[in-house]
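For reference, the chains in residue letters:
Protein chains: 2
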Amino acid sequence: MNDLKHRIFSAVKDDLDDIEKALADNLNPYLDLVSEVAGHILFSGGKRLRPLLMVLSARICGYNGNYEKTFSTALEYLHAATLLHDDVVDEATLRRGKPAAHSKWGASITILVGDYLLARALSISAVTGRLRIVKILAGLTENMSQGEVHQLMRKGDINLTEAEYNEVIRRKTAMLFEAACRVSAILADATEEQETALSEFGYNLGIAFQMADDLFDYTLETSEFGKEVGADLREGKLTLPLIYALKQAPSGDRDIMIKIIQDPQFSEADFKTLTGLLEKYGGLTYTHNTATSFIDTAKKALAVFDPSATKDTMLDIADYVLNRSV
Amino acid sequence: MNDLKHRIFSAVKDDLDDIEKALADNLNPYLDLVSEVAGHILFSGGKRLRPLLMVLSARICGYNGNYEKTFSTALEYLHAATLLHDDVVDEATLRRGKPAAHSKWGASITILVGDYLLARALSISAVTGRLRIVKILAGLTENMSQGEVHQLMRKGDINLTEAEYNEVIRRKTAMLFEAACRVSAILADATEEQETALSEFGYNLGIAFQMADDLFDYTLETSEFGKEVGADLREGKLTLPLIYALKQAPSGDRDIMIKIIQDPQFSEADFKTLTGLLEKYGGLTYTHNTATSFIDTAKKALAVFDPSATKDTMLDIADYVLNRSV
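Quick note, the sequences are listed as chains L and C, same order.
For what it's worth, the numbering used here labels the leading residue of the first sequence as 299, then goes sequentially.
For what it's worth, the numbering used here labels the leading residue of the second sequence as 299, then goes sequentially.
Everything labelled a hint here was simulated from the structure, so no lab data went into it.
All of these numbers come straight from a predicted model, not from anything done at the bench.
One thing to keep in mind: the hints can contain errors.
You can't tell identical chains apart in this list, so a pair holds if it fits in one copy or across any two.
Stated by the list, open to error - In silico DSS-like pairs for lysine-lysine, Cα to Cα no more than 30 Å straight-line: (1) LYS433 with LYS319; (2) LYS402 with LYS557; (3) LYS545 with LYS345; (4) LYS319 with LYS345; (5) LYS453 with LYS396; (6) LYS402 with LYS453; (7) LYS597 with LYS557; (8) LYS453 with LYS597; (9) LYS609 with LYS598; (10) LYS396 with LYS609; (11) LYS303 with LYS396; (12) LYS402 with LYS535; (13) LYS345 with LYS433; (14) LYS402 with LYS345; (15) LYS597 with LYS345; (16) LYS402 with LYS578; (17) LYS557 with LYS545.
Can you make the complete structure from the sequences, with help from the hints?
This is the structure we're talking about:
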């Protein structure tokens, strides 16, 4: 797996440097405190997956302007805005191994800096001169906030179905990846076929990405994950591994699982018991297999593009989404 | 004063009905809970000053399309979004005489519905097909969130200057009124002269509006005001009446004022003492006079427009901003 990571990194090293610079250069607030809070979330070791996909999507469509790096900050800012708001919403204490912004600056400042980043994203998109891009990003923000509300409404509900879970992660995560690839195709004046292909690539990748994240919440150590393992469960978020295992388990084991889910003070031993049952009833395997099939669909969508180094990197990224350590 | 209110209301009754309908029709979420929370803030007896100014601004520029009512929801949604976030930020308990949304649904849902409304505002603006409009609204949102951060940073600071207060209310309030008038001029394909005139009208009106609001926080009863009188002070927000009086008062009375300001548990008697001192040292009169001069500037800006019923109503609204009960 290290090979995959290494290959991607070698291919996009310069792009990542440019993106990093663009993220700092385009923040542009008049208050230092806003830079500081935004910088805390923006420069905390994010993988830059979204801006990178944007740059590569523009390139694979033959884009030859010079706005793709600046533009790629838009979705990273939007993503950072939702992270700031989500961490307030979820009362999360850790983000990428550091204290979450709201535990450092308080919820108020964090909410407002989130609003600022959200607005910056739209401002930067408007500079493309393409109204479709603005519409897609505004619509995306509508969907993401509703996906979060939906998830909150179902908090702790052990009857959450796989279909509803899919609906939430579609809005909460997949649409952002879809939009990232689509708007870059629009920026590049891609054909309709190319735009559709990239949208499908991004969407399916996004679903797989979220499923992998939900899996990591049970399988990684906190130190690797950068957020607290078991946090989803503690917040009452039922994700696919659990939804599937609950459906498969007979009533005895099901009751044990429900008891742990419904106890916000569950112990480390409880968590181990639960993980064991997720494994026993196939929740982990099922989630991994489902995510894998989304990755396959994503990769197939790129078939419309001729072979190229850019395409190879995008295919590598698709594999990496499932096999990354975080 | 009732005459003024009556005259405005008669002139715009049909417009207000249309705006009310547009606000309900364009909300458009897939989750009922989002409608419910957004509806709680949107349909709680707001004056509709911003959408009304938008409709009138388009009309005074001779607009003859049919999007001005729908479009006018954009800034009311944006305004509602900031109210939702601000009430979380300020931990306000009352808004327009009703419990603030976050005390009913919690901060999490409230933040997310605010995000939804913010995104809706941008979506609705994008439908105009004018990128300048989108850019102005995204830039406005950047400024508003920073204005709020700025205010929070200076919370409880008795050395806040009038210049800094002006900077905060400019970003927090005046720019929204300015944008409301300007974007409607753009929608109406107004001349540059008209657009500038309307922007000035909105900006100066907005400054006066905020100063009046800050005055009401000391002079009205809670039942009239719809939010808790003295709330600004309790939240540590120093506004113009206080800033001016602190500057004028000799050290003895100044110390009494500072003691009350710095005591979050101040009593009703303390509050009366403070209001008395604001009056004694001219803080209330100064604020009223300053606001009046902004209203005069606003009204003068409309000189470029020929006499019309629309213009008369806009001039009436300018007077109303200072003389409204809330």
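- Message: Within, between, both or neither: how does the pair LYS396, LYS609 come out at a Cα-Cα threshold of 30 Å?
- Response: Neither, since 34 Å and 56 Å both go past 30 Å.
- Task: Tell me, please, which holds for LYS597 and LYS557 at an alpha-carbon limit of 30 Å: within, between, both or neither?
- Result: Neither way: LYS597 and LYS557 sit 40 Å apart in one copy and 67 Å across, limit 30 Å.
- Query: When no copy is named, should LYS402 and LYS557 be tagged within, between, both, or neither for a Cα gap of at most 30 Å?
  - Reply: between (34 Å within a copy, 29 Å between copies)
- Query: Given identical chains, is LYS345 near LYS433, meaning Cα to Cα at most 30 Å, within a copy, between copies, both, or neither?
  - Reply: This pair counts as both: shortest intra-copy Cα distance 26 Å, inter-copy 29 Å.
- Query: Between LYS402 and LYS453, at a C-alpha cutoff of 30 Å, which is it: within one copy, between copies, both, or neither?
  - Reply: Result: close both inside a copy and across copies, 26 Å intra and 17 Å inter.
- Evaluate LYS319 and LYS345 at a C-alpha cut-off of 30 Å and name the case that applies: within, between, both or neither. Result: close within a single copy only, 14 Å intra versus 45 Å inter.
- At 30 Å max between alpha carbons, let me know whether LYS609 reaches LYS598 within a copy, between copies, both or neither. Within one copy only: 11 Å inside, 61 Å across.
- Have a look at LYS433 and LYS319 and pick one of within, between, both or neither, based on CA distance no larger than 30 Å. both (27 Å within a copy, 23 Å between copies)
- Item | Homo-oligomer pair classification [LYS578, LYS402; C-alpha up to 30 Å] | neither (40 Å within a copy, 41 Å between copies)
- Query: How do LYS453 and LYS597 come out at 30 Å by Cα distance, when the copy is not named: within, between, both, or neither?
  - Reply: Result: close neither inside a copy nor across copies, 33 Å intra and 53 Å inter.
- Task: At 30 Å max between alpha carbons, let me know whether LYS557 reaches LYS545 within a copy, between copies, both or neither.
- Result: within (15 Å within a copy, 62 Å between copies)
- Query: For LYS597 vs LYS345, is the C-alpha pair at or below 30 Å within one copy, between two copies, both, or neither?
  - Reply: within (20 Å within a copy, 53 Å between copies)
Violated hints, in rising order: 3, 7, 8, 10 and 16; the structure is consistent with all others.
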